[in-house]
Structures are given as C-alpha cells and as structure tokens.
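With the hints as constraints, model all of the structure from the sequences given.
Okay, here's what each chain looks like letter by letter:
2 protein chains.
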Amino acid sequence: MTYCVGVQLNQGLVFMSDTRTNAGIDNVSQAKKMHSWEVPGERVITLMTAGNLATTQSVVSLLDERTKAPEDRNPSILEAPSMFQAARIVGQTLREVIQSHAPTGATADAAFGATIIVGGQIAGSPPRLFMIYPEGNFIESSPDNPFFQIGETKYGKPILVRAYDAAMSFEEAIKLLLVSFDSTIKANLSVGLPLDYQTVPAGRMEIGRQGRIEADDPYFDMVSKGWGEALRAAFAQLPGFRF
Amino acid sequence: MTYCVGVQLNQGLVFMSDTRTNAGIDNVSQAKKMHSWEVPGERVITLMTAGNLATTQSVVSLLDERTKAPEDRNPSILEAPSMFQAARIVGQTLREVIQSHAPTGATADAAFGATIIVGGQIAGSPPRLFMIYPEGNFIESSPDNPFFQIGETKYGKPILVRAYDAAMSFEEAIKLLLVSFDSTIKANLSVGLPLDYQTVPAGRMEIGRQGRIEADDPYFDMVSKGWGEALRAAFAQLPGFRF
Numbered sequence: 001m002t003y004c005v006g007v008q009l010n011q012g013l014v015f016m017s018d019t020r021t022n023a024g025i026d027n028v029s030q031a032k033k034m035h036s037w038e039v040p041g042e043r044v045i046t047l048m049t050a051g052n053l054a055t056t057q058s059v060v061s062l063l064d065e066r067t068k069a070p071e072d073r074n075p076s077i078l079e080a081p082s083m084f085q086a087a088r089i090v091g092q093t094l095r096e097v098i099q100s101h102a103p104t105g106a107t108a109d110a111a112f113g114a115t116i117i118v119g120g121q122i123a124g125s126p127p128r129l130f131m132i133y134p135e136g137n138f139i140e141s142s143p144d145n146p147f148f149q150i151g152e153t154k155y156g157k158p159i160l161v162r163a164y165d166a167a168m169s170f171e172e173a174i175k176l177l178l179v180s181f182d183s184t185i186k187a188n189l190s191v192g193l194p195l196d197y198q199t200v201p202a203g204r205m206e207i208g209r210q211g212r213i214e215a216d217d218p219y220f221d222m223v224s225k226g227w228g229e230a231l232r233a234a235f236a237q238l239p240g241f242r243f
Numbered sequence: 001m002t003y004c005v006g007v008q009l010n011q012g013l014v015f016m017s018d019t020r021t022n023a024g025i026d027n028v029s030q031a032k033k034m035h036s037w038e039v040p041g042e043r044v045i046t047l048m049t050a051g052n053l054a055t056t057q058s059v060v061s062l063l064d065e066r067t068k069a070p071e072d073r074n075p076s077i078l079e080a081p082s083m084f085q086a087a088r089i090v091g092q093t094l095r096e097v098i099q100s101h102a103p104t105g106a107t108a109d110a111a112f113g114a115t116i117i118v119g120g121q122i123a124g125s126p127p128r129l130f131m132i133y134p135e136g137n138f139i140e141s142s143p144d145n146p147f148f149q150i151g152e153t154k155y156g157k158p159i160l161v162r163a164y165d166a167a168m169s170f171e172e173a174i175k176l177l178l179v180s181f182d183s184t185i186k187a188n189l190s191v192g193l194p195l196d197y198q199t200v201p202a203g204r205m206e207i208g209r210q211g212r213i214e215a216d217d218p219y220f221d222m223v224s225k226g227w228g229e230a231l232r233a234a235f236a237q238l239p240g241f242r243f
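So the sequences go chain by chain: C and X. Residues 1 to 243 in our numbering are what the first sequence lists, from first letter to last. Residues 1 to 243 in our numbering are what the second sequence lists, from first letter to last.
Heads up, some of the hints might be wrong.
Once the Cα atoms are required to be at most 20 Å apart in a straight line, the calculated SDA-like pairs of lysine to any residue come out as [as the list claims (entries may be wrong)]:
(1) X/186 <-> C/162
(2) X/225 <-> C/241
(3) X/186 <-> C/225
(4) C/225 <-> X/225
(5) X/225 <-> C/238
Derived from the structure by calculation, the hints contain no laboratory data.
Here it is as structure tokens:
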C-alpha cells in the first residue's frame, strides 16, 4: 500500500506521502509518490499517487511529457485554465492508462488500479484539492471534507478527524500529519519512511516549503515517542470506568 | 462490518463487541455478536463473530444445539477437554457452514466468510484466547500478541498498540476498549452502539462482569468527548515542527 494525505487549510495546501512500495511482502522498495509542476507566479500543481506503481508512474510520465513539447501540450496540465480542468486531465490520463492494461476496462477493482490526490493553484482562483478515482472521476475538498487520504487510510484517520483545524499553520499541519503517519507506520508494514512533504501557500502560485523526513529524523523520532507517552497520559486522565 | 476485540490480561480475558449489522448502507440492523457457554466452576467459553450474519448465526446455533442434547454432544464445546479443542470445534463448524453455502469451498474471500474470536477457560488450564479464520484454522494470543480484533480493525488499533498493558485492571481495559471503539465509530458507519462487554476472571471458570453500553450511556459520552479534548491537548503539547 501507501499512505498519502492532502490537507486544505486557510493558509493553503499541505501534502505528505510515504515512499514505500511493495509487490508482496518479500519485494519492498522505495519510490517517490509526490510530483509537482510549477510555473512560479502562474500555477503550481502537486499530485500524489497510491496503487499500482506501473500505473501511477505511467500517469506521471504521460502528464510530464505533455508539459514539455509545446506541440503536444493539448491536453497539458500546464495549459489547463483551472484546477478543475487539470484534475480532469489527470483523471482522463489515469483512466486511459488503467484501460490500456485491463482487458475489461477500468473498474474500482481493477488489478492495475490507482487513486490520486491532486491539488494546487492557478492564478485567478483559490487553491483547490481533488481526489481522483481509478475510473477517472473525482471529488473536491470542502470545509466539510477538508482533507483526502489515499492508500492505507484508516489507522491515521482518527487523529486527523479529532485535531484538524482549518486555521492551523503549515508547521502545525505537518506535525499533525507526522502523528497520523506515525500511527499508520506503527501498525502497517506497507507504509514506511522517508516521508515527503510540501506546502502550497495560497496566492503565491509556487511551491512553498518542501522536504523529506528521513528514517533517522530526530524530530520524527521525538514525535513518535512523545505521542506514545502523550496518548498514555491522555488515556490515564480520562475518568475511569466502574462496573 | 463489525468491530470486536478480545484482550488477554494478567487478570483474565475481556471481550467487547458492537451490535451493528448491515446488508448494504440502506439495510442496517442490530445483532448481538457475543455468545457465551458456561458451566460455572468448570468452564466458560465466549465467542464473538464478524462477517456474514447468516454464517455466524448458523455457527452459533450449531454450537449451541450440540451443547443441549447429550446424545449429540460429540463434538460439543461443553465436552472439549481443552480450550484448544474447543477452538478446533468452532473452526471446524465455521468451515462446514461456509463450505455448505459456497460452491467452491471456503476461501478467505468467500462471500459467506466470517472470522471468530473465541476465548475462555476450562478447569486445569489458564485462560486462552484464539482468533479463527474462515478456513477453520486459528491462532492463539501470546504476550507478544495479547489482543485480537476482527471486523473494522484499523481505526481502533493505534490506541490499543500504544496503551495496552497486561497488568491493567478489567475496568481500565474496558475504558481502553471504549476509546478504541469510539475512534472506530467516529470514522466508520458500519460499527455502532450499543456495545456488549464481558470479563472472564482467571481461575473462576465463570463469566465475571457483563453488560451493554447503550447509545445514550453517559460514561461513553464522557469518554468520547473527553478523548477528543485529551487528544487535542496531547497533540498541542508535542514539540512543534520547524521548517
């Protein structure tokens, strides 16, 4: 599996993805799942992928090729007039790649399936965040549904539900995502460090901060240990059950 | 789905199960998923089920019928000489029920599949706890693996991993399970109140405490709200991330 989260904040967007990829438990490797295209001041588009690696790499390569040769730029995510149109191009590309390998066409159960989070900002519109299904259709985030998870989503969801706040700073959001990733990594071998993160500050149409949390990162280590202790302390403070 | 947890403590065993059952999101009902057989002072066996309701009810009914008529008592879980043999009977019964409805036999993906947690104590041995797969085989808990979850297991796992302690009292364990169930109920519609719980104190070969946490239970409500606040406070206390 994989674990990726895209979060919409008042300040902009935050993305985080793990890097573990596996074909069976005995064939584990590392792959970057976060990809960005940027025309500073005009647009920034970031994409994270979960699912069949051949599918997701093919989608990213196709999207990337179409941004390079000007004569092939239709449809290119660098030419899309809005994030909605960019999400349509990504969805269509995903659907085509899955269909080209699946004899019976794309279904949610397709062996070559993949799910994609895409977000960013194009000048003239606010930042937008989408989740794209293997069928190529997609949904958009909203204040009621301000983050998307793909891959191994369940372990890390309770803390996101409980502690997310749209007014968070980027730094607080990354701390929250690290706690969510730590819960997932502790419980599931298919998600692993290092973790990639990126911010897209609203209104700047460029990548803000980005970086990689390595396996020996002292801050992640502190969060991981501190969170275990904090959880036990929080649990101890809850009123006791009496028969 | 369903959510059931069986926990082994130094003091004995604790079981908790939800009661929601559904055949699609538009057909939701309530069913007890915890069943016990008891010969006080001699044996107590408790079973929790997840999966196809027709399968699990059939398994429970077959096990139950075989405890009633003395001439049919072979194999009966009330005659099994050990918890291991009782688990074998449950596994064999589960496998038979699944096979009788699945034309191609039992597989983990069988449409009529089910998973069972069975635990208890028979005089002469310590309490034992097993998880039984649809194929009828099973695994036993150990100090390295002191609890089993079935059904919608992922949301509620991180807190169990973090806060479980074999030396917990039954009351602390029920508080921990309520937190784990609350995280699951908050995230997944297929798990719902009321919750059934039961304890099996080591060495007594009888049911200890048992009860039902109803939807309007004031203690559960306090844990649910208190846990959200406690999580946010614990999160706020973690050291901040800096770019």
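Checklist entry - What hints, given by number in increasing order, does this structure fail? => result 3, 4
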